[in-house]
Every structure is written in structure tokens, then in C-alpha cells.
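The residues making up each chain are set out below.
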Amino acid sequence: MNFSVIKEIVNENDSIFTIRFDSVMVAKPGQFLMVWVPGVKEVPMSLSSIGDDFAITFKVFGESTKKLASMKKGERMFYRGPYGNPYPEPEGKTAYVAGGTGLASLLPLIRKYKGDVYTGARTRNDLFLLDDDFRIATEDGSLGFRGNVVDLFVKEEDEYDTVYVCGPEAMMRSLLDRMHREKHGNVYFSLERLMKCGIGICDSCSVNGYRVCKEGTVFTYEQLKKMDEFGVYRRSGSGKIELIAKVQ
Amino acid sequence: MVSISTSVGDIRLSNPVMLASGILDETSGSMKRALESGAAIAVTKSIGSSERKGYPTPVVSVIATGMLNAVGLANPGIDSFSEEFSNFPVKEKVAVSIFGKDTEEFLYLARRVEGLGFKILELNLSCPHVAGVGSEIGQDPDLVEDIIRELKSRTNLQIWAKLTPSITNIVTIAKAAEKADAYVLINTVKATGVDIYARQFLLSNKIGGYSGPGIKPIALRAVYDVRKESEKDIIGVGGINDWNDAVEFFLLGASAVQVGTGLYYRDYGIYDNINAGIARYLEDEGFSSLDDIIGLMVKS
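Residue numbers (our numbering), protein chains in the order written: chain C, 1 to 248; chain F, 1 to 300.
Hints were generated in silico from the structure; no laboratory data involved. Don't be surprised by glycine CBs; every beta carbon is placed ideally from N, CA and C. Just so you know, not all the hints are guaranteed correct.
[Unchecked claim] Here are some chain C residues the structure puts well away from chain F; computed CB gaps all over 10 Å:
1) Ile-6
2) Val-60
3) Gly-100
4) Lys-112
5) Tyr-113
6) Asp-132
7) Asp-133
8) Arg-146
9) Glu-182
10) Val-232
[To be verified] Below, in silico cross-link-like pairs of lysine to aspartate or glutamate (EDC-like), each with a Cα-Cα straight-line distance of 16 Å or less:
11) C:Lys-59 x C:Glu-12
12) F:Lys-32 x C:Glu-229
13) C:Lys-155 x C:Glu-182
14) F:Lys-53 x C:Asp-161
15) C:Lys-246 x C:Asp-177
16) C:Lys-7 x C:Asp-52
17) C:Lys-93 x C:Asp-161
18) C:Lys-59 x C:Asp-126
19) C:Lys-214 x F:Asp-267
20) F:Lys-232 x F:Glu-178
21) C:Lys-41 x F:Asp-195
22) C:Lys-183 x C:Asp-158
Chain F with its partners taken away, still in its complex shape (with noise of 0.2 Å):
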């Protein structure tokens, strides 16, 4: 049997299948059934310093070629937050998402999430639909510097940025987030819709991000770019339903893939048609691990 065990950052994983923030991930209930379902790792839902109820409903809509949402941040806040996960059985498969609007809201909530005992923070710095924090952040290469240089000199943890792809070149961001320990690439692409007989638009916010199938090619060309520049690891997130799809990003140069709206398409079987297609990819066409494929058409 061939290995799909992979690595990002310090982190060893056992697969590379990650179920991405957003999805599926609010409560610790469904937290764990990702990881029983096969995830290698399960990213919180966006965490902030206090409780936000989100928009309000319609917050999703699925579209012919995925998926518009614009749920608006909401979250129970980082004391909610850590009194039902203090006890999660098992943390470290765990990637805590936080947002915040400046470095010291980043700060303050990476330590209460490595007081918590979690290794690793996922650094939402793309959230395309609220005002003041996520994408609008994130297209602040100075302030991007400045958080996750701050994070990592302060605190023991894991930091992955999650990165926007609603920008005029991702490197430029991905460079400036140079301190961090991996890439996630990319965050849903800012959007709209219609409903033509309503005469209104899809989401109540008006504004929100685009997911599923239609945006894999942005977040392909958005891993090629950034391996190409950069040799730290990137997750690929964005469109990712079945095997083949996460074949493509190995390919380009992630390390591991996340899935999110895949969840609509493909439920919690996902993990296990990613797992044991890769498996079966691998032999079939000759190598002995993940690792082999991982960047090999990037690779000079």
C-alpha cells in the first residue's frame, strides 16, 4: 500500500484531507464527525473575539456552478468558543480559524486558543463579505507582516494564512506572510447573484463568496503561483470534490487539500473517495508516496 501521509508545517498528517472553516464546523458535534468521517485534520468555523449572529437568511444559495454565501462571520465568540471545545478529545487534529481587525485582536485570540491546548491556527485573512476584518486585511501586506510575525514570536502554535484570492497578485500577500508556517489557498472569491423574478439579489448581504467546482481553476493558478515563489507548504482549498480534483493541487504544489462545499456535493463519504483515490492513483501510475507527486510539475 502506497503512503498518502503527508506534512504541513510541524504538523505530521496521517492523510491529506482536511475539512476547510466554513462548513460543517460549528458545533463539536459535527467537529468530531469530520474526524471520525476520515479528516485529517477539522478547521473551526471563524472565531472572534466576541458573539456574532451573521446575516440574515439567505445566507447560501447554490448556484449551476457552486455555491454564493455570505453568512457573515457568525460565531458564538472566543468564551463560548472555549468552554465547548475545552474538553474536545482530540486537539490536535484541530485548526482553530480566528479573525480579528487588527494585530492585537489576532493576538489576544491566539492565546486564549493555545491556552486552550490547540497546536494550530488558521489565520482567516479573507473573509470576502465583512467589513473591517477577513479580505480586507488580508489585501494589507503590511498589516499581514505585522500579525503573523507577531503570532509567531509570541505563541508556540501552528499559523496557517488563509489567504484571498480577490486580489491583484496573491504573491505579493504571500510574500508578506513569509513568518507563517503554511499557505491556505485560497478563501471563497468575492461574488454576487441574482434572482431574475424577485428582482433581489441571492444573499441577503448582497456580497459573499463563491465556492465549488467554478472557482477550482483560481485556486489551482493561485498554488502554482505561490509555489513557484515560495517553497513553504500551501493547503489547496476551493472546488475540491472528488480525487482528482485533489491530484490537481498535489500536482501544483499543495501539500494537502481542504474541502468545503464538497460537503453539499459528495457529504461526509468525501474523505474516503479522496483517501483511497489518491491511493489508487499513486499505484496506479507508478509512485510509492504523496510525497512524489507533490509540486512535480512545478519543480525545475
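Extracted from the complex, chain C is given alone in its bound form (with noise of 0.2 Å):
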């Protein structure tokens, strides 16, 4: 287990907030750290800022988190990682669509390579880190395009060469059997899972025996389409099968 000195914490919006601390790790973007939050939980979290200035971005959402946030610049945050595989590098024209929280693992990524960002939640508060060339996507409409990220997305869609996803299951499996372009050689997902070991061992992130945060996160489009699982099962904590929601 490794720690790092809190720089900073910022609040991004009602339930949202970047931590920031410095490290001498070695990750590249798309790769995950196991946060543990002595006494509550070990969570997932993807890194939102890599290099000089590391940081974890991520929505309050049970204990952990709650603690997380309320945690002061100096304090230690304790994690293991980086692991999973990182986005492999884009080529030609890219673009990037995200989904809620999922913006947190691809901003690395996008602030590295020139592309297109098209970002959506369910509404303009839900929305965080916003640049002005955002294509904003909110289901009740109170900023940008009316409806879903992937409504939005699949209009423009056969302008890029490149494409990276990531936000909820739901949503990227909408978007996956929506895309009709002719090559997807270079259309890469990443996948959030409840994960218990992060290392490849429990079997609790698994999709058709894949295990999301080994062979994953980020999968391709390809790999995808053969999994019947992604975005219609997933597992509780105790292993069970539970259906996931469909997108509207």
C-alpha cells in the first residue's frame, strides 16, 4: 500500500470533487488506483490528472467517498496502483464521449491529444470540468443538446477516426449498438465494474470471464460486441447476476 500528501481538494459541484496530490508513480491515461480509505472501504478510481499533478476525480456516492471528500490538504491518501491497461494512442481525428463521472478517466487523454469532447449527465449540475468547446449533451435540457450524450454523439459520429468512451454501462452498450460506421479498429471503451481485488484474482469485475480490471478496463469495440454480458448483466457483491437498466 502506498500514501500520498493531499494537495488540495476542490469541489467541482454538489457532489463532485478532484483530490490532488503529488507521487512518483508511473501511469499512463485510462489506468485506475485502488483508494483505500482506512476503517471504511477500497474503491476504484480512475486518474483524472497524470504527470506533475495527479489527482482522482470522483462523485460522492456511499461511505468512502463521503470521507474522501471531507478528507484536508496534508492528510495522507492511502492506494494501491496504477492498474488496467491504459487507452491505447489515438489516430487521425478523435473523439471522446462521456458519460456522467466517466469524463474523470478520459481527461488525462484529452488534455494530451487534440479531439472533440462530448460530455452528458441529467442535468446542467450535474455537469463538472467543462471547457467552453464542450459538446454538452443534458436529459431535461437545461444546457446544450437535449437528450443523451449518445443521441448526441451518433449525428457526427462517422467524422472520427478515433473514438473513446466512458461513463455508465448502460449508456456505452446504447452507444455500442448504435455506432454504424464500417471500421471500428480504433473505438475503445472503458468499463466501470464493482471490483474487490483490482488485481485479477476475485473474479467480481468479470464480463464473459474477462475480468475489467485486468485484461480491461479499456476494451475495444470489437471485444465488446462478443461479450453478451456488457450492458445487460452485472454482479453484486456477492457474485450474483443482477440486470442492468437499459437506456431509454
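Both chains are sitting in their own frames, so use the hints and assemble them into the complex.
Listed below in C-alpha cells is the structure:
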């Protein structure tokens, strides 16, 4: 287990926080940490910034994230990792498609490689870290396109050579099913699943026998097309199969 | 080509390497993948009569000599397990691991497993980190004897008894389990660890099971001690990362081996590594089959 001293905690909106910290770790865009909140839990978190300035960006969801959000500058943040495979580098014209906090995982890439960013959330209050040139979708129409980010993106899909997607699994399944391009060679999705070990042995995050923590979190279009559990079933903490609600 | 086939109880196996219970065996997709990767048998995560979420994370911690875990017998329960595995394509290559608090619960689960069409049952008499089951059952010789007698007389399943090393003398429990078709030696060793900067236990449950390279000598000793006292087939498990490790177990009397934590170090290639390595070793050393070396160092 490693730890870093917290440099800063930024409140991005009502429920989304960024923790900045120094580290000597070697990490690449798309990788994640298992962040340990002693006395509470250990949770997987995407790195939202890599390099001179490391950061995680997360939505307050349960006890662990609540505790993390209440930590102070100078306190220690414990973690192990980075784990998972990075996003491959882009070729040609690039699009980033983010649903909700999926944007956090894409940010290190967005800052490194030019591209068009499509980001969506329920309402304008759920959006975070927006740049002026982001293409925005909100389900209630309070900002940008009214509808979900998949609706917004599929109209423009043909323009791009490389596409990176990160968001809720149902949203990513919907996008996978609606993509109509002929070549899918450079389309990458980063999955988020309940994870316990982060190192490929507990089987909690497996989709059709592929471990999101070890063989992912980034999968290609072709890989996901063959996984009939993707976006349809997930596992609870006991390993029980649960149905994922579909995107309307 | 020398033969690496072996047998355990009434089961004939094309190779001697199995996936141990508790690692990459919660989902049917991963069970299939283990078998496709060369495992002769894949043992399921231990299944109980009702759903258990297990302990909060952290449930796994990698240490210098292996790994600590206290997953807490997370499992979907026998009903959900039945739903997911009722159409599993190669049921003869699956051993279903079960845990229970008493003879009745073991018998109930065994009948459900037999009803699904599986042939092999592994009894978890050895999980070191959940109260009232696992090693707490597995330290009571009378209870172990009763459970196995009932299961053998009321089902036609092959019964493998997985025993705990966290006991004064493992031979005492092995004798109590002598009506089983095979012993599985050993489960993880009861253990703990501390993060000195957080000043917290590494596992949320504080106490867990120790696995990986560091426990191989303990497992080998258990296999050797039991082999000296019994002719029953033994499946060796504990710290096996490659074929050298497996051969040690065979020489001391194991007929087959299981790998678990080894998958962390070697991933799915571990089955081919071990199987190919054993074949090469047998050939290089002038043996014609795996049978020739099983218990070679124990036979008088």
C-alpha cells in the first residue's frame, strides 16, 4: 500500500470532488487506483490527471467517497496501483464521449491529445470540469443538446477516426449498438465494475470471463461486441447476477 | 510422449492441474475460461445455502511472500448458483465447493448440487475467516466424520475434503475424513498483516487466510504427513506457481494439484506451464508416466 499527501481538494460541483496529490508513480491515461479509506473501504478510482500533477475525480456516492471528500490538505491518501491497461494512443481525428463521471477517466487523454469532447449528464448541475468547446447534452435540456450524449454523438460519428468512450455501462452498450461505422478499429470503451481485488483474481468484475481490472478497463469495439453480458448483466457483491437497467 | 494423466477417487483426469476454489471461479465465464486454458477440473467458489455479500474491501492484500485474503465466503447462494450453472457445458469438469454450519446444511447443498448433474463435491472444511463454518467445522473430528458419512451414504457424489492447516495435527482430521474420496491439502493458513503508516489491519476482517509461495512448505508437510498415514488420494494445493512446485507435491504423495494464487503470478498460462513442465521433467528423468513419481519419496 502506498500513500500520498493531499495537496488540494476541489469541489467541482455539488457532489463531484477532485483530490490533487504528488506521487512518483508511473501511470498512463485510463489507469486506475484502488484508493483505501482506512476504516471504511477500498474503491477503484480513475486517475483524472497524470504527470506533474496527479488527481482523482469522483462523485460522492457512499461512505468511502464521502470520507474522501471530507479529507483535508496535508492528510494522507492511501492507495495501490496504478492498475489496468491504458487507452491506446489516438490516430487521426479523435472524439471523446463521456457519460457522467466517465469524463474523469478521459481527462488525462483529453489534455494530451486534441479532439472533440462530447459530455452528458442528467442536468446542468451534474456537469463538471467543462471547457468552452465541449459539446454538451443534458437529459432535461438545461444546457446544450436535450437528450443523452449517445444521441448527440451518433449523428457526428462518421467524422472521427478514433473514439474513446467512458460512462455508465448501459450508456456505453447503447452507443456500441448504435454505432454504424464500417471500420471500428480505433474505438475504445473503458468499463467500470464492482471490483474487490483490482489485480485479476477475485472474479468480481468479470464480463464473459474477461476481467475489467486486468484485461480492461479499456476494451475495443470488437471485444465488446462478443460479450453478451456487457451492458446487460452485472454482479452484486455476492457474485449474484443482476440486470442492468437499459437506456431509454 | 509420457503420460501426465492421473486419477483422484473415481475420476480419471487427462492432466493433474486444477483451478482451486476461491480464485477466478465466481462467474461461469471464468470457469469456462479456466477449463479452456488447460485446467483438468475447475472448483467453484464455495457456495452456501443463502446469498452472502462477504466482507467490505479491502479483502485482498499482496505481501512479499504471497497474499492475504478475507473475502468472507461471498457467494450468490445455491439458488442463484443453480440458475447460472444449470446449463454449464462441461459439468463433469467442475467440482462444486460448498460450506455449511452442520451436517444438515451440507447434505441439503450436496443434494442440490447432485440434482444439477455435477459429480464432484469439494467440502470447505477450512475457510479460516468466517465464524461457525469452514475451519471451525473442520477442527471438529466428530462433526467432519458425521458430515462425510452422511454425504457418502446419501449421495453418489465424489467427495473431496479440503482441510485446514491451522490445527495441531492435520492427520487427526484426515482420519476423521477417511470416508471421503480424496483429501484436498491445504486451504489458506490463518494469518494477518498490518499497514504501519495507516496503522490499520491490511484486511477489513483483520484476520484472513495466507496463500502463495510462502505457504508451499506448510502444504508439502501436510501432504507428506497425511500420505504416511493414508493411501487415499491427495490433491495438493498451496503456493504452486510452476511445474517444479507441482513435482514436489507429486513426489510427496499428491495425485493432482490445484492452483489459486498462482494465477496472480502466472495468469491463465499457468496450466500449460505446469503440464508441459511435468511432461518434460518425467521424460528427462526417465519416467514413463506421472504415476511413477506419485508418492515416490514416501513409499518404503
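10 Å cut-off, C-beta based - C:Tyr-113 kept clear of every residue in chain F: holds, 30 Å
Pair hint C:Lys-59 and C:Asp-126, alpha-carbon separation not exceeding 16 Å: holds, 10 Å
Status of C:Asp-132, Cβ more than 10 Å from any chain F Cβ: Since the minimum Cβ distance to chain F is about 39 Å, C:Asp-132 lies beyond 10 Å and the statement holds.
Hint consistency between F:Lys-53 and C:Asp-161 [alpha-carbon to alpha-carbon, up to 16 Å]: violated, 43 Å
Satisfaction of hint between C:Asp-161 and C:Lys-93, Cα-Cα up to 16 Å: Between C:Lys-93 and C:Asp-161 the Cα gap is close to 5 Å, so the pair holds against 16 Å.
C:Lys-246 paired with C:Asp-177 [C-alpha distance capped at 16 Å]: Holds, because 12 Å separates the two Cα atoms, which is no more than 16 Å.
16 Å limit on alpha-carbon distance, applied to hinted pair C:Lys-59 and C:Glu-12: holds, 10 Å
Consistency of the no-contact label for C:Glu-182, given chain F and a CB cut of 10 Å: Per Cβ check, C:Glu-182 is outside 10 Å of chain F; nearest 30 Å; holds.
Pair hint outcome, C:Lys-183 versus C:Asp-158 [Cα-Cα no greater than 16 Å]: Given that 16 Å is the threshold and the Cα spacing comes to 10 Å, the pair holds.
Whether C:Lys-112 stays farther than 10 Å from all C-beta atoms of chain F, as the label says: With a cut-off of 10 Å, C:Lys-112 remains clear of chain F, as the shortest Cβ separation is near 30 Å.
No chain F beta carbon within 10 Å of C:Ile-6's: Holds: least Cβ distance 14 Å, greater than 10 Å.
Distance rule for C:Gly-100, whose beta carbon must clear each one in chain F by more than 10 Å: holds, 22 Å
This entry does not satisfy hint 14, going by the numbered hints stated previously; all others are met.
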